[in-house]
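Number of protein chains: 2
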Amino acid sequence: METKKIFLPEKEIPRQWYNIQADMPTPLQPPLNPATGKPVSPEDLLPIFPMNLIEQEMSTERWIDIPEEVLEKLITYRPTPLQRAYALERYLKTPAKIYYKNESVSPAGSHKPNTAIAQAYYNKVAGVKRLSTETGAGQWGCALSLACTLFGLECKVYMVKVSYEQKPYRQLMMKAWGAECVSSPSRDTNFGRKVLAEDPDCSGSLGIAISEAVEDAATSENTKYSLGSVLNHVMLHQTIIGLETQKQFEIVGDYPDVVIACVGGGSNFSGLSFPYIRDKIHGKDVQVIAVEPTACPTVTRGPFAYDYGDTAAKTPLLPMFTLGHNFLPKPIHAGGLRYHGMSPLVSRLILDNLVQPRAYNQLQTYKAGMIFAQTEGLICAPETNHAIAAAIDEAEKAREEGVAKTIVFCLSGHGLLDLAGYDAYLSGKLTDYSLPEEEMQKSLEAISSFPKPVV
Amino acid sequence: METKKIFLPEKEIPRQWYNIQADMPTPLQPPLNPATGKPVSPEDLLPIFPMNLIEQEMSTERWIDIPEEVLEKLITYRPTPLQRAYALERYLKTPAKIYYKNESVSPAGSHKPNTAIAQAYYNKVAGVKRLSTETGAGQWGCALSLACTLFGLECKVYMVKVSYEQKPYRQLMMKAWGAECVSSPSRDTNFGRKVLAEDPDCSGSLGIAISEAVEDAATSENTKYSLGSVLNHVMLHQTIIGLETQKQFEIVGDYPDVVIACVGGGSNFSGLSFPYIRDKIHGKDVQVIAVEPTACPTVTRGPFAYDYGDTAAKTPLLPMFTLGHNFLPKPIHAGGLRYHGMSPLVSRLILDNLVQPRAYNQLQTYKAGMIFAQTEGLICAPETNHAIAAAIDEAEKAREEGVAKTIVFCLSGHGLLDLAGYDAYLSGKLTDYSLPEEEMQKSLEAISSFPKPVV
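Chains as they are written, first to last, in numbering that gives the first Met the number 0: chain A, 0 to 454; chain B, 0 to 454.
It is worth saying that the hints were derived from the structure and are not from the lab. All of these numbers come straight from a predicted model, not from anything done at the bench. Glycine residues also receive a C-beta, built at the ideal position from the N, C-alpha and C atoms. Possibly wrong hints are sitting among the right ones.
[Unchecked claim] Using 16 angstroms as the maximum straight-line C-alpha spacing, the simulated EDC-like pairs for lysine to aspartate or glutamate come out as follows:
id, chain 1, residue 1, chain 2, residue 2
1, A, K4, B, E54
2, A, K4, B, E1
3, A, K4, B, E9
4, B, K4, A, E9
5, B, K10, A, E1
6, B, K279, B, D22
7, B, K96, B, E1
8, B, K404, B, E436
9, B, K4, A, E1
10, A, K329, A, D351
11, A, K313, A, D284
12, A, K10, B, E1
13, A, K96, A, E220
14, B, K329, B, E436
15, B, K10, B, D22
16, B, K4, A, E11
[To be verified] On the chain B side, residues computed to face chain A include the following (Cβ under 10 angstroms):
id, residue
17, A86
18, P94
19, Y168
20, E375
21, V453
[As the list claims (entries may be wrong)] Cβ pair distances, simulated, as ranges:
id, chain 1, residue 1, chain 2, residue 2, range
22, A, K128, B, T25, 37 to 45 angstroms
23, A, R14, B, P94, 28 to 36 angstroms
24, B, W62, A, R14, 39 to 47 angstroms
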């Protein structure tokens, strides 16, 4: 019997996160205060984040200890298995070995709790009693609700109205974990009430939900705001994915030639790849591929520029690949990849040629997801299907070249709560989208006057 | 850091199933042909089952080898973790140690694939190309669809119309795994067409769906029928749950005082408990509790009698606890526990005082499920919440008695696709049901003239 899952014993779980800022060839440029054009200071962020997380956000220490209390919660589902896709390999008739790091085994069904648990902990030790956040499709809201119940914090989630109504199961998950989940725009904030006064039928947007959550944090007692991607400390917390993967490959005496993950804000990608990019910086021959949708081609076609992290233009300006903060991508099913910007860390690594960006059309990703479901048995999230599509392409290339490569991708989440896309695919109604050039240029006009980062 | 999950390495996966028929103090009485009143012969079952599974159904061999090809598929998700519920223990302030065997990590989200994979394999080696089955809430249909895609078999699922329409995600899962899933009554069988001719708006029933699936198997080329519970070979395949659990307890040097699982048809209960009941038969002091809903109190209040396994009265007569095959339980959310009968094996073990039956009202099970979700972080299936309720009761009893017992229960499935019950609970709309005595007696009239088994 071939070994299918490489398990790391709990006692082997990594005890430190890896901070790639210690090794980057080009250091990050600072976020800017949009009003002054000056770098943001830690104090500027205090109304919405606790100081311990702000320090992590700005740290350049290579290794940061994972607190014991965080490890105790992470082992609810970690270490996650590294699985070998034998059936997929046989189906593809490839000499390549394909592995996937299975983050879908968390109680929330995705990698998101890795940072939610850490953030809940740091807020708790900073004396915070309550966290506010926004959620689009619901993955992040679920992860933070889970983390808050594990640490006994209150949690309020502003969920974009259209998702709140279309995805009742997601808000029920949050409520089962004791969180308060409201449809955004809500009557609970000044901003929400203002929006509703202007348009009582407003279906909401991520920008509106962020504004509500930030206002809540800034104006409520003992409350801070929490974000599930983009920021440096989020990427830091996710590196446990790749650090575990490295230990697991050591167990079987293998090392990947190709490392693949999908990118929206960058969190599951950073998690799997940063420890490998460290090796690459130090001379290791490893190819790292970031996969995004053609409908939202941030890193394959967008410019590297200073832009707001949110559509509401409330955050500092971040140096990153962007399609413009007003960009509204077509409603592809991979909701987690419909983000106009990209983690500044990931952006910098792409500029420095350490990461190879790639975009796929929607139909191809579902075709890949169906092959995976029918060979390996796992129905993946639409976001994950982007990584699978690239893994299949690389495995087919290996077959054509006759090379026995080792490929690993991040299975960032299962698709059991997002099956509408499979329905559309199976009934022949799924369509492809590629962003037209004119539309992108038009969206980018909004940031043409912003300060320019050094490329 | 305390060890939370006890992992069994893949190479330690049990290589044999345990057949409790070899050790039962009282042997099973045979199923009867309702027309003749005579015991059913293997040949009687051949139109719908392959001979290798019929042999397993009737075997009294203690250990039956698990084929290598079955193990290769099982390790997609097995061995499953045995997890310690530290947070729940602390919440309950109990000296008891509470463990749960987490079967929710399978790609279908429940323990059902354990037998689906075995059945698909045995059918495949018998030359069968296609399996038919019925499904109510959808768990079993999903598991068999998964198993069939892993072995390259065709699969047709007749899904009760009301569930087909209310649970679109379930049928989408089956379709993503390549199965054909139709709403029952369908136009694809004589029986379905007959039902629709009489009542075009018929919302379907499990009985109708079974009749359609059996007709399909009996009349289609290279097709057999597959069942997800009740039968002896199903219980056999599930014993891998308890055999793994025993090995995992050995790793930590512990042994349970109390073993708990919910019972509908008996499959997850048998899986966890049979290896422990073997120990009990051989003198070990272990308490085994089977938990059912008060709305469908088969083993706590029903008589032990010969009855049909299905509401359509198509199967042989089985010696079991039953509420009468026409019994229609109230629509509690634990769909998998709404079954009129009980596995003959489990029934016999209850009669012989090796298993202690217990019933809970719906509200109490959801209260328990909410406590579990907010302490351990896992949102469980409504069926599983019955086992959790009993585990909590036993842990509280241990606290009152000041005894440090070890409790283990089967976490048979997650609840991410069945959140409607949580919604009802959270909004105060969930109600309790207990079956009125008159209603039970009325339902039992239908079987009053059947042959009587020896008690």
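Against the structure, the hints:
A distance of roughly 32 angstroms separates the Cα atoms of K4/A and E54/B; the hinted pair therefore is violated under the 16 angstroms criterion. With a C-alpha separation of about 23 angstroms, the suggested pair K4/A and E1/B falls outside the 16 angstroms cut-off, and the hint is violated. Our distance criterion of 16 angstroms between C-alpha atoms is met by K4/A and E9/B, whose separation comes to about 7 angstroms. Our distance criterion of 16 angstroms between C-alpha atoms is met by K4/B and E9/A, whose separation comes to about 7 angstroms.
A hinted pair counts as satisfied when its Cα atoms are at most 16 angstroms apart, and K10/B with E1/A qualifies at roughly 9 angstroms. A distance of roughly 10 angstroms separates the Cα atoms of K279/B and D22/B; the hinted pair therefore holds under the 16 angstroms criterion. Between the alpha carbons of K96/B and E1/B the distance comes to roughly 13 angstroms, so the proposed pair stays at or under 16 angstroms and holds. Of the supplied pair hints, the one linking K404/B and E436/B is violated, its CA atoms being roughly 36 angstroms apart against a limit of 16 angstroms.
Of the supplied pair hints, the one linking K4/B and E1/A is violated, its CA atoms being roughly 23 angstroms apart against a limit of 16 angstroms. For a cut-off of 16 angstroms, the pair hint linking K329/A to D351/A is broken: about 29 angstroms separates their Cα positions. In summary, the hint linking K313/A to D284/A is not supported, as the alpha carbons are separated by about 40 angstroms, beyond the 16 angstroms threshold. Only pairs whose Cα atoms come within 16 angstroms are accepted, and K10/A paired with E1/B is accepted, the gap being roughly 9 angstroms.
The hinted pair formed by K96/A and E220/A fails the criterion: a straight-line CA distance of about 53 angstroms is larger than 16 angstroms. Between K329/B and E436/B the CA atoms are separated by roughly 14 angstroms; this keeps the pair inside 16 angstroms, and the hint holds. Distance hint between K10/B and D22/B is unfulfilled; the C-alpha atoms sit about 27 angstroms from each other, more than 16 angstroms. For the hint pairing K4/B with E11/A, the CA-to-CA distance comes to about 13 angstroms; that is within 16 angstroms, so the pair holds.
Here the hint on A86/B is kept, as its CB sits about 7 angstroms from the closest CB of chain A, short of 10 angstroms. The restraint placing P94/B at the interface with chain A is violated, with a minimum CB-CB distance near 20 angstroms, outside the 10 angstroms limit. Taking 10 angstroms as the C-beta contact cut-off toward chain A, the hint placing Y168/B at the interface holds, the least distance being around 5 angstroms. Evaluation of the E375/B hint against chain A yields a held restraint, the C-beta minimum of about 7 angstroms falling below 10 angstroms.
Among the interface hints, the one on V453/B is violated; its C-beta lies about 44 angstroms from the nearest C-beta in chain A, farther than the 10 angstroms criterion. About 59 angstroms separates the C-beta atoms of K128/A and T25/B, a value inconsistent with the hinted range of 37 to 45 angstroms. At roughly 31 angstroms, the beta carbons of R14/A and P94/B sit within the given window of 28 to 36 angstroms. For W62/B paired with R14/A, a C-beta distance near 42 angstroms keeps the hint of 39 to 47 angstroms intact.
The structure shown violates the earlier hints numbered 1, 2, 8, 9, 10, 11, 13, 15, 18, 21, 22.
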